Amino acid sequence: MSLRAAIAGNTPSSSHGGVIEQPVSHQFEDIDQQNECYIVGMWTFLVTEIMFFGAFFLAYSLYRTLYPATYLDCHRFLSIPLGATNTGVLLLSSWAMVMAVVSAQHGRKGGMIGWLVLVLLCSMGFLGIKAVEYSSKFREGLWVGDFNYAKANREWIKEEKGDEGEPFAQTPLAAIPGAAPMTGADTAKLYHHEAKRVFPYYPTVQELAADYRYTTPDTKELTKTEAGVYTSYTGPPSAVETASKRAQLFFSIYFGMTGLHALHIIIGMMMMLTIIGLRLKDHPSVTLDYMPTELVGLYWHFVDLVWIFLFPLMYLIS
Amino acid sequence: MEGNDNLMSVQTYDSPHGAARSASADHGDEQENSEGMPRFHYLNAAHTIKSWLLTTDHKRIAILYLISISIFFLLGGAAIGAVRIELTSPKGQFLSSEAYNKMFSAHGIIMVFLFLVPSIPATIGNFVLPLMIGARDLAFPRLNLLSWYLYMIGGALVLGALAFGGVDAGWTFYTPYSSVYSDTNVAIALIGVFIAGFSSITTGLNFIVTVHKMRAPGMTWFRIPLFIWAMYATSVIIILGTPVVAITLLLVVLERTLHIGIFSPELGGDPVLFQHMFWFYSHPAVYIMMLPGLGVINELIAANTKKRIFGYSFVAFSSIAIAVFGFLVWGHHMFATSQSMYSSMVFSVISFLVAVPSAIKVFNWLATMYKGSVEFSATMYYALSFIGLFTIGGLTGLFLASLATDIHLTATYFVVAHFHYIMVGGSLTGYMGALHFWWPKMTGRLYPEGPAKLSAIVLFIGFNLTFFPQFIAGYLGMPRRYHFYAPEYQVWQQMSSAGSSILAIGMIIPLFYFIWSLKYGKVAGPNPWGAVGLEWNIPSPPPTHNFDTIPVVTWEAYEYQPHEEIEAELDRESIGAPSSAQGASV
Chain L
0 MSLRAAIAGN TPSSSHGGVI EQPVSHQFED IDQQNECYIV GMWTFLVTEI MFFGAFFLAY
60 SLYRTLYPAT YLDCHRFLSI PLGATNTGVL LLSSWAMVMA VVSAQHGRKG GMIGWLVLVL
120 LCSMGFLGIK AVEYSSKFRE GLWVGDFNYA KANREWIKEE KGDEGEPFAQ TPLAAIPGAA
180 PMTGADTAKL YHHEAKRVFP YYPTVQELAA DYRYTTPDTK ELTKTEAGVY TSYTGPPSAV
240 ETASKRAQLF FSIYFGMTGL HALHIIIGMM MMLTIIGLRL KDHPSVTLDY MPTELVGLYW
300 HFVDLVWIFL FPLMYLIS
Chain C
0 MEGNDNLMSV QTYDSPHGAA RSASADHGDE QENSEGMPRF HYLNAAHTIK SWLLTTDHKR
60 IAILYLISIS IFFLLGGAAI GAVRIELTSP KGQFLSSEAY NKMFSAHGII MVFLFLVPSI
120 PATIGNFVLP LMIGARDLAF PRLNLLSWYL YMIGGALVLG ALAFGGVDAG WTFYTPYSSV
180 YSDTNVAIAL IGVFIAGFSS ITTGLNFIVT VHKMRAPGMT WFRIPLFIWA MYATSVIIIL
240 GTPVVAITLL LVVLERTLHI GIFSPELGGD PVLFQHMFWF YSHPAVYIMM LPGLGVINEL
300 IAANTKKRIF GYSFVAFSSI AIAVFGFLVW GHHMFATSQS MYSSMVFSVI SFLVAVPSAI
360 KVFNWLATMY KGSVEFSATM YYALSFIGLF TIGGLTGLFL ASLATDIHLT ATYFVVAHFH
420 YIMVGGSLTG YMGALHFWWP KMTGRLYPEG PAKLSAIVLF IGFNLTFFPQ FIAGYLGMPR
480 RYHFYAPEYQ VWQQMSSAGS SILAIGMIIP LFYFIWSLKY GKVAGPNPWG AVGLEWNIPS
540 PPPTHNFDTI PVVTWEAYEY QPHEEIEAEL DRESIGAPSS AQGASV
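Protein sequences, first through last, are from chains L and C.
First residue of the first sequence? That's 0 in numbering that gives the first Met the number 0, and the numbers climb one at a time after it.
First residue of the second sequence? That's 0 in numbering that gives the first Met the number 0, and the numbers climb one at a time after it.
Quick caveat, the hints were computed from the structure, so don't treat them as lab data.
Hints should not be assumed to be uniformly reliable.
[Stated by the list, open to error] Listed below are several chain L residues computed to face chain C (Cβ distance under 8 Å; list not exhaustive):
#1 Gln26
#2 Cys36
#3 Gly40
#4 Val46
#5 Phe254
[As the list claims (entries may be wrong)] In silico negatives: residues of chain L with every beta carbon more than 10 Å from chain C:
#6 Leu57
#7 Met98
#8 Gly110
#9 Ile112
#10 Gly113
#11 Lys195
Computed from a predicted model, the values in this text were never measured in an experiment.
Glycine is no exception: its CB is placed at the ideal position from the N, C-alpha and C atoms.
Using the sequences and the hints given, assemble the complete structure.
Right under this line is the structure:
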């Protein structure tokens with residue numbers, strides 16, 4: 000199979016002037032062999048990338064199976080408009096990348112650089128939106144290194160109610176069911192968030208926000224002698240504590256997967272900057288050969304594809 | 000693809016390897032120096048340090064790998080030397096328990112990630128793979144050099160972590176040992192292993208592309224030497240497995256540094272998930288270490304018996320089968336964890352199935368030797384030693400694959416003995432055999448045969464004395480990784496320690512005669528073994544560009560017999576009739 004036959008504009012009558020003549024490296028017999036090697040090599044690399052992310056997706060699936068309520072609860076904190084915007088931005092960048100590859104195949108310098116700059120702008124936009132999302136997570140106490148689920152829920156309530164005054168933390172136990180039931184439409188909305196609707200024993204947002212701790216009545220506190228070194232043990236953790244820990248697990252996965260994906264975006268941007276720089280200097284490796292652009296394009300589509308999976312799996316849980 | 004054309008040319012061919020021979024004969028005499036060595040070859044193409052450190056020649060990169068791997072091997076050996084001395088007494092000799100933990104961890108980490116995984120692929124494979132398939136280089140020479148640098152960076156990080164503080168989590172890095180309870184340099188060592196993992200990924204990627212796309216004209220899939228099949232299967236495992244362990248180890252690093260606690264039980268994470276993901280790579284990694292050794296033995300046996308390997312296609316596909324099965328058995332490392340009994344049963348059955356392709360190989364080697372003109376050279380000593388040790392290692396694996404016995408034997412010295420029979424008795428013996436076999440091709444000079452045979456025998460004796468007692472100690476209940484042990488195990492531990500000193504001698508003898516042979520060894524000539532294969536048709540050491548003209552292959556692999564016989568055998572194979580050698584088969 001000849002790759003040159005497969006690409007657009009190979010016919011001599013093409014209005015774009017046909018395909019550029021590529022130099023052949025010493026280890027190859029001809030240009031077809033070289034191009035095929037590059038393509039097979041890149042696809043093999045993408046297989047390793049799939050396995051790389053695959054391990055993360057495995058962890059995601061396992062914990063989603065084990066803790067469905069946590070996933071349902073935690074996606075409250077992810078902004079669907081921002082995620083959807085990012086999806087659109089990446090799709091746009093994929094299209095620009097296709098155009099850049101076509102321009103490179105036809106040896107059009109301006110087109111190739113222009114489209115690559117558009118890809119770069121898109122990826123900067125993506126990272127910018129990602130930074131906004133991350134910083135709000137940091138602010139709300141959802142970063143796993145400094146995790147504070149109660150604070151995050153108080154912030155969430157504040158945002159949902161649009162209530163700037165009276166921080167929820169100052170009315171802690173009154174909000175716990177059985178202590179003093181709250182009234183009003185807002186309360187009902189908060190009370191019945193999705194996880195609570197599907198999993199009746201899941202803590203309410205109020206309970207989570209109050210960081211309510213209790214010991215189940217039938218578990219006595221262990222005496223020091225009984226407990227040995229475990230003197231701090233006071234019975235099983237409360238549902239609120241458990242939910243908080245599980246939420247931390249969810250955000251471990253969230254930051255791990257999106258962080259790894261963002262790292263791939265950054266690597267892709269560096270590759271594009273390299274190609275643009277070489278093309279501006281008319282370096283033969285990208286001037287006479289469209290393969291570097293083609294391979295970066297393959298990589299870039301893969302990175303986009305990962306996000307296409309991440310977005311629904313993280314943001315659109317229901 | 001080109002099958003029909005080649006079949007035609009086989010019918011009419013008269014001089015084997017004619018194309019390649021005439022290619023090298025063009026420049027035969029006038030290009031040799033007074034000793035008979037070629038005047039221009041890859042070793043003397045340039046002499047500066049820079050010409051070595053920035054080389055993209057696969058042969059030079061193989062030599063770089065050979066030197067660095069040997070250094071890591073010596074360091075890993077020194078670490079286990081300290082452990083073996085320590086274990087001669089039930090209460091230990093000179094190490095604290097912390098230091099003991101760090102020593103066996105250092106041994107495991109260095110030997111697995113920095114020696115065994117890259118050993119045959121990165122040195123021998125790098126050197127001979129393009130020569131065997133008739134290519135001028137690997138598909139991506141610069142990527143190949145990058146692979147060596149990644150390996151060295153990873154190795155330096157691991158060594159740094161081990162030297163300045165040490166690592167005590169064992170080479171398996173089980174969580175939560177490695178994430179919560181260890182306060183040693185686990186994170187740095189893991190980053191080192193992570194980077195070294197990318198080194199093997201790039202090597203594997205290079206091999207896959209090269210084997211797919213760079214074979215010489217006429218070199219069809221069923222004409223490539225079986226070593227190439229083994230390297231191909233190995234590369235597939237590397238490509239599919241290594242990224243998974245890379246991300247797994249990275250997650251442990253992230254848990255230690257950024258508190259991303261995917262395996263943290265405190266958050267509801269599952270430490271057994273770590274074991275699943277770790278062994279999803281690390282069990283296939285056993286075959287990353289083993290398959291190249293299995294491939295090498297085909298070459299050694301064919302060259303030493305002057306026969307075509309019996310059942311070529313079966314041996315080729317058994318490599319692929321091992322690669323496939325290798326990915327489906329990782330759960331047998333977790334029979335003693337919370338893993339479901341039913342999945343354990345499935346894993347157990349598939350583990351037994353791995354024995355089938357392994358046995359196909361062993362029986363086919365025996366059938367190859369049958370009625371061959373077996374030459375007892377040093378390389379044949381290594382091959383025979385390999386077959387024996389691999390068989391013992393493989394059969395004891397069946398004990399561990401069956402659920403009930405494994406509960407008794409899990410994490411005992413029986414396991415240690417089993418995987419050393421595979422890893423040392425198999426991989427290392429294969430590596431040594433390969434190094435001897437292709438040493439004349441690499442350096443242009445022959446090693447002395449007598450000391451080589453001696454070292455093979457010393458290795459065999461030392462190895463068995465070291466590890467056979469560990470089967471017994473393990474069966475009697477001695478757990479692995481323990482610093483102190485009950486006095487009744489002392490006799491087995493002392494036998495093992497004595498054996499390891501003999502093993503060390505067996506490893507040091509080759510070091511001396513290999514270095515000696517660089518200057519004083521007999522000039523080998525292109526083909527000292529009378530072997531077939533493209534690499535033996537070019538001068539030793541080969542020129543930088545390998546082949547003056549790319550050969551056109553019109554002959555089958557291992558064409559030692561008259562080609563009519565091979566034709567007849569191939570015909571019988573294709574129509575499924577019993578072959579002539581089947582009377583002796585098993």
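(Q) Taking the earlier hints as the rules, which of them does this structure contradict? (A) Of the numbered hints given earlier, the structure breaks just one, which is hint 6.
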